[in-house]
Every structure is written in structure tokens, then in C-alpha cells.
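*Asks:* Please model the entire structure based on the sequences and the hints provided.
Protein chains in written order, with our numbering: chain A, 461 to 733; chain B, 256 to 610.
Hint data in this document are derived by calculation from the structure and do not stem from the laboratory. All the pointers check out, no bait thrown in.
Computed list of lysine to any residue pairs in SDA-like fashion (alpha-carbon distance at most 25 Å, straight line):
| hint | chain 1 | residue 1 | chain 2 | residue 2 |
| --- | --- | --- | --- | --- |
| 1 | A | K729 | B | A290 |
| 2 | A | K729 | B | G287 |
| 3 | B | K523 | B | K582 |
| 4 | A | K595 | B | T467 |
| 5 | A | K612 | A | K649 |
| 6 | A | K630 | A | G705 |
| 7 | A | K729 | B | I363 |
| 8 | B | K458 | B | Q498 |
| 9 | A | K729 | B | L312 |
| 10 | A | K630 | B | N466 |
| 11 | B | K519 | B | R608 |
| 12 | A | K729 | B | A371 |
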Amino acid sequence: MKKLSARRRHPLAAVVVLLLALAATGGLYAAFAPAEKAQADSSAQSLAIDEGRKLFAVGCSSCHGLNGQGTSDGPSLVGVGSAAVDFQVGTGRMPAQQPGAQVPRKKVIYTQAETDQLAAFVASLGPGPVTPDSKQYEPSSDPVTNAEQVAKGGELFRTNCAQCHNFNGKGGALTNGKYAPSLEGVDSKHIYEAMQTGPQNMPSFPDTTMPEEQKREIVAFVRSTNDEPNPGGLTLGSLGPVTEGLFGWIFGLGTLILVAIWVAAHTTKAKKS
Amino acid sequence: MSHDMSENLPEAHDASHGTDVATHGDPFADPGLPAHEPRRTDIDERAAQRAERQVSLMFVVSMLATVGFIASYASIDADKIVYIFPLGHVSALNFALGMTLGVALFCIGAGAVHWARTLMSDHELPAERHPIEADDDVRNDVIEQFKTGAAESGFGRRKLIRNTLFGSLALVPLSGVVLLRDLGPLPEKKLLHTGWVEAEPSKPLRLVNMNTDQPMKAEDIVQGSLTFAKPEGLEESDEDFQQQIAKDALMLVRIAPEDIKDAKSRDKGFEGILAYSKICTHVGCPISLYEQQTHHALCPCHQSTFDLADGARVIFGPAGHPLPQLKITTDEQGFLVATGDFDEPVGPSYWERPR
Numbered sequence: 461m462k463k464l465s466a467r468r469r470h471p472l473a474a475v476v477v478l479l480l481a482l483a484a485t486g487g488l489y490a491a492f493a494p495a496e497k498a499q500a501d502s503s504a505q506s507l508a509i510d511e512g513r514k515l516f517a518v519g520c521s522s523c524h525g526l527n528g529q530g531t532s533d534g535p536s537l538v539g540v541g542s543a544a545v546d547f548q549v550g551t552g553r554m555p556a557q558q559p560g561a562q563v564p565r566k567k568v569i570y571t572q573a574e575t576d577q578l579a580a581f582v583a584s585l586g587p588g589p590v591t592p593d594s595k596q597y598e599p600s601s602d603p604v605t606n607a608e609q610v611a612k613g614g615e616l617f618r619t620n621c622a623q624c625h626n627f628n629g630k631g632g633a634l635t636n637g638k639y640a641p642s643l644e645g646v647d648s649k650h651i652y653e654a655m656q657t658g659p660q661n662m663p664s665f666p667d668t669t670m671p672e673e674q675k676r677e678i679v680a681f682v683r684s685t686n687d688e689p690n691p692g693g694l695t696l697g698s699l700g701p702v703t704e705g706l707f708g709w710i711f712g713l714g715t716l717i718l719v720a721i722w723v724a725a726h727t728t729k730a731k732k733s
Numbered sequence: 256m257s258h259d260m261s262e263n264l265p266e267a268h269d270a271s272h273g274t275d276v277a278t279h280g281d282p283f284a285d286p287g288l289p290a291h292e293p294r295r296t297d298i299d300e301r302a303a304q305r306a307e308r309q310v311s312l313m314f315v316v317s318m319l320a321t322v323g324f325i326a327s328y329a330s331i332d333a334d335k336i337v338y339i340f341p342l343g344h345v346s347a348l349n350f351a352l353g354m355t356l357g358v359a360l361f362c363i364g365a366g367a368v369h370w371a372r373t374l375m376s377d378h379e380l381p382a383e384r385h386p387i388e389a390d391d392d393v394r395n396d397v398i399e400q401f402k403t404g405a406a407e408s409g410f411g412r413r414k415l416i417r418n419t420l421f422g423s424l425a426l427v428p429l430s431g432v433v434l435l436r437d438l439g440p441l442p443e444k445k446l447l448h449t450g451w452v453e454a455e456p457s458k459p460l461r462l463v464n465m466n467t468d469q470p471m472k473a474e475d476i477v478q479g480s481l482t483f484a485k486p487e488g489l490e491e492s493d494e495d496f497q498q499q500i501a502k503d504a505l506m507l508v509r510i511a512p513e514d515i516k517d518a519k520s521r522d523k524g525f526e527g528i529l530a531y532s533k534i535c536t537h538v539g540c541p542i543s544l545y546e547q548q549t550h551h552a553l554c555p556c557h558q559s560t561f562d563l564a565d566g567a568r569v570i571f572g573p574a575g576h577p578l579p580q581l582k583i584t585t586d587e588q589g590f591l592v593a594t595g596d597f598d599e600p601v602g603p604s605y606w607e608r609p610r
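*Replies:* In C-alpha cells form, the structure reads like this:
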């Protein structure tokens with residue numbers, strides 16, 4: 461202290477004081493100015509982010525961390541985008557019930573408005589796929605264009621999706637208890653988002669390798685298989701030879717055996733009554 | 256049973272009918288056959304007539320059902336969908352055809368069974384079991400005849416005849432073996448190479464996206480995505496497209512380079528993009544059940560599971576060896592290219608397959 465005060469009349473002292481003052485002012489400005497700016501911004505988007513942050517803190521942060529950075533119980537959400545949130549929360553997969561091979565589809569517990577707020581908050585963490593609007597995923601309502609989309613979508617579905625979801629979207633088994641869910645009754649938007657974001661173990665099909673229009677064609681195909689009546693009656697899961705063969709062996713042959721036993725056991729002999 | 260038929264029962268006529276063997280003293284004595292019990296239709300003419308009418312009724316129902324089958328085939332529109340309770344929405348035509356044909360066939364069968372049980376003759380025919388060998392006299396006679404025949408033919412003496420007979424008998428099956436040639440021609444070197452064989456370091460072949468028919472840049476393949484590719488120049492309109500794609504098909508995945516366990520596999524890829532053959536090494540099914548978190552690829556046919564992060568090592572199932580991996584890189588415009596064929600044949604094993 462004595463050293464400092466001894467030099468206060470040094471010719472450069474004024475310069476040093478000036479520099480310190482400038483640094484302090486600049487630092488204070490840097491520290492407070494952005495915060496002030498954020499407070500001033502009251503647009504709908506930032507309100508949604510704010511509401512989303514509150515919802516996130518209550519419903520999601522125990523696994524994904526307070527800032528969505530991820531913990532040992534849940535992955536980081538930085539960069540997953542709003543489409544992933546809309547899919548996971550909108551189909552009831554999130555919040556997850558318990559850890560396991562796969563998070564199943566459940567009852568949806570957030571309203572669409574709350575889902576949108578959560579999505580807005582997660583999207584603010586980092587850039588990622590954006591929730592699509594209905595122009596992107598709804599197949600054409602014109603019957604001719606729609607038929608064309610269904611035909612093209614069927615081809616794309618068989619190359620890209622059928623291996624896991626079955627040729628008519630009934631789903632199928634994967635490894636270690638995982639499974640590809642049935643696509644029956646799934647919202648067009650959620651099908652589109654799943655292709656875009658690749659939820660859980662599903663690989664993603666980004667626009668770079670599967671353009672938007674092709675995704676719409678696939679949605680059109682899935683819609684048409686869902687609506688298609690089944691000319692034969694019992695579908696037996698539409699899984700093909702496994703269920704059909706099992707049904708034939710158990711119920712077909714089983715009935716024949718029962719009939720044979722019945723025929724042989726019921727004697728026609730006359731009895732003195 | 257209002258009609259009294261008790262006087263028709265055999266007991267009423269002949270109380271001593273049947274084999275009333277005395278088994279009282281000896282518990283192991285042969286009990287003989289149980290007494291013949293007549294059917295109701297044997298002793299009651301009215302029951303027999305009723306059974307006859309029942310059988311004919313079933314045959315008549317069958318006829319009506321067949322007429323119904325033809326009528327529904329002619330009259331029901333193939334596109335008509337109806338709701339039927341446990342089945343849901345079904346085609347009316349399919350349902351009508353199935354029901355009428357089912358009833359027609361069932362009634363023939365049920366009528367025939369009913370006929371056989373009630374009206375056809377009801378004799379009981381015991382078939383007792385005997386040893387199946389012939390008695391000693393017959394056997395000795397046959398052996399004697401064989402020895403005489405052998406001596407008279409001179410089979411043991413005329414060795415030339417015997418040996419040539421053996422030779423001709425041994426050669427005859429060969430003609431069957433020669434017919435197996437019809438299974439050929441042999442595939443020669445076709446199984447050793449795929450369409451990627453046209454790629455050379457000086458003339459690399461681009462990877463074309465199966466969805467868009469466009470070549471791809473490295474940044475198009477994002478982590479966690481799955482893309483299918485074919486070699487440049489192979490078009491769906493080509494006559495041999497199906498034969499070619501059955502060998503050439505690729506699945507492209509991108510794995511964070513630090514997650515790739517097999518260094519050799521990492522070097523064959525480009526910035527974590529790995530190109531594996533889509534053809535299972537077990538019996539050649541297209542495998543692409545890819546789990547992006549575990550990096551496992553699963554074959555839907557027999558559940559062979561490959562770890563794509565570890566050089567497509569087989570971790571489960573009947574597949575014999577890992578999926579072949581295609582070495583890829585980028586050309587000067589940044590498109591993904593292959594500079595050569597797979598190092599090993601794709602698809603299932605065969606005897607000449609180099610390891």
C-alpha cells in the first residue's frame with residue numbers, strides 16, 4: 461500500500477487511473493447490457509421460451525439437467541431442435557416412465573400449447589430440426605396427386621422403412637427388447653418428425669438424403685395403409701407367415717383334432733335305459 | 256325316446272350271446288371280446304330312417320351352399336366392404352365365398368361321418384396279431400431254393416460275370432450325378448466381385464443415394480442417419496438391375512469417430528461415414544434394421560446381429576463372418592466415392608470363398 465501511494469504523483473499515474481476506469485466501465489457494460497436487452501424483449505417467442513424453461517425445470521430437468529445439458533440419466537438436448545420435443549412429448553414418450561430398452565408411447569400429459577413452449581425452450585439451446593407445419597407433412601387432398609404420392613411413398617417405404625416397421629407399418633422386433641412401433645393411428649406430423657429427428661434407436665432421414673417431398677410421400681403411403689380395409693377379415697397382425705401358420709396349426713388343426721375326438725368318443729351304440 | 260325298442264335289444268332274444276368267459280377264479284384269464292352292442296339304428300327302423308333323412312339333409316345343405324357360392328360369385332361386387340362383428344370390415348364377396356364353400360365342404364364331411372356311424376354296417380372285426388416271420392418249413396425251403404439257384408447260375412464260379420455285374424451296378428448311379436450338371440452353369444468369378452469392381456483409384460465411382468438418385472456429399476450424411484446407396488451408373492431401368500443391386504447395395508451410417516472401435520474399419524470410412532454391404536452374410540437377406548444408438552444392425556430373417564461400430568462383427572445369430580465394408584473417400588468436388596471393390600465377396604459363404 462505504501463508502495464502504491466508513494467507513486468501516486470508519478471507522471472503516468474493519471475494514465476493508469478484512466479485505463480482502470482475504462483476497463484471497469486467496459487466490463488460493467490458487458491456484464492449488464494445483454495441482460496437488460498433480454499428483459500426488454502417481450503416478444504411471443506421469448507415468452508414461450510420463458511414458459512418452456514419453467515415447464516422444463518419441473519418436468520424434464522431431473523434427467524436432462526436444468527439447462528438441458530444432459531446427465532447420466534438423460535441425453536443432452538442441445539441441438540435436438542423443436543421437432544424432437546414435439547415428437548417425444550406429443551406422443552407421450554416423454555416424460556419417460558422408467559429406464560428400459562425403449563421408452564414406449566403413452567398417454568400424452570402436456571397440452572399442445574405446453575409442448576410448443578417446451579419445444580421453444582429446447583430449440584433456444586441450440587439449432588436443430590424445426591417442428592414442421594402441415595404444408596410439409598400433410599399429403600395432398602387432390603385424389604390424383606394423392607394416389608401418385610401413395611405410389612411413390614410405397615416404394616420409398618419399402619426401401620427405407622419396411623425392414624423395421626413391416627411392409628404395411630405394423631412394426632416389428634429389434635434386439636434386446638427394443639421394437640419398431642406400429643405406425644397405425646400415428647399423427648402425420650409425428651411420422652414426419654420421427655423421420656426428421658430419428659427418435660431413440662430409429663435412424664434419422666435428414667432432408668439431405670431424403671428430401672421433404674419424399675417424407676410427405678411416405679406419410680401419404682402410411683395414411684393409405686392405415687385407412688385401407690382388410691378384405692380377408694382377421695389380419696392376425698398382418699405379420700405374414702408366422703402368425704398365419706401359428707393360427708393354422710393351433711386353431712385349424714386343433715379344431716380338426718377336437719372334431720375327430722368328438723366323432724370317436726360319441727358312440728352310437730344303443731343302451732338299455 | 257318315446258318309441259319302445261327294448262324288445263329289439265339282443266339281450267331280450269338271446270341272453271347267452273357274447274363271450275361270458277369265467278374270470279372269477281383267474282384274474283389274468285383272457286376276458287375275450289366284449290359283447291356286441293347294436294346301434295339304435297340297427298334295431299329301430301324309424302331311427303334308421305331318421306338318420307337317413309339327416310344325412311340327406313346335410314348333402315342337400317351342401318348343394319344349396321354350392322349354389323349360394325356360385326350365386327354370390329356372380330352377384331356380389333368385389334369392392335363391397337361390410338362390417339361383420341368379430342372380423343371387422345371385410346370384403347362381402349370374400350366372406351360369402353368363404354362361408355358358402357366352407358358350409359358346402361363341411362356338410363359333405365359331416366354327412367359322410369354321420370352315415371358311416373349310423374347306417375353303414377357295424378361288424379366288429381378283431382385282427383389278432385401274430386409273429387410276422389414264416390414258419391420253419393417255409394424258411395428252410397426258401398434257403399434251399401436260393402442255394403440251388405446260386406449253384407445252377409454258377410455265380411460264384413464265373414468270376415468275370417460276377418465282377419462285370421458289380422461294375423455295371425456301381426456305375427449306373429453316375430448317370431444321376433451327371434444330371435446334376437443341369438443345376439449349372441457354375442457362377443465362375445461372378446460371386447467374387449460386385450458392381451463396385453469398376454471403381455479404381457484413378458477412376459473412382461460415386462455413391463448414389465437410392466432415394467434421390469443423386470450423388471452425396473459427406474455433409475449430407477448426418478450422425479444417426481441411415482442412407483442406402485448404389486454405384487453410379489446402375490439404373491433401375493437396367494435389365495439386370497435386380498441381379499446387380501442384390502450384390503451392390505450399401506448402407507451408409509455415420510458414427511462419431513471416437514465411437515468406432517475397429518481402427519481398420521475407421522480407416523475404410525470417411526470422417527466416420529461407414530459403407531457396409533446391405534447383404535447378410537448368412538443367406539443373403541437385405542439387412543438394414545439399424546439401431547442408431549447401439550450401432551447394431553439386425554437381419555430380419557434369422558436375427559444375425561452385427562456391430563457396425565466394431566467392423567460389423569457378428570454379435571448374435573447364424574451369420575458366419577462380418578459384413579464386408581467398402582472403402583470410401585471423397586473426390587475433388589466433395590462427393591462420396593469408392594476407389595475399389597469390397598475386399599471380400601459379399602453375401603453368404605460358399606466353398607470357394609476366399610477368407
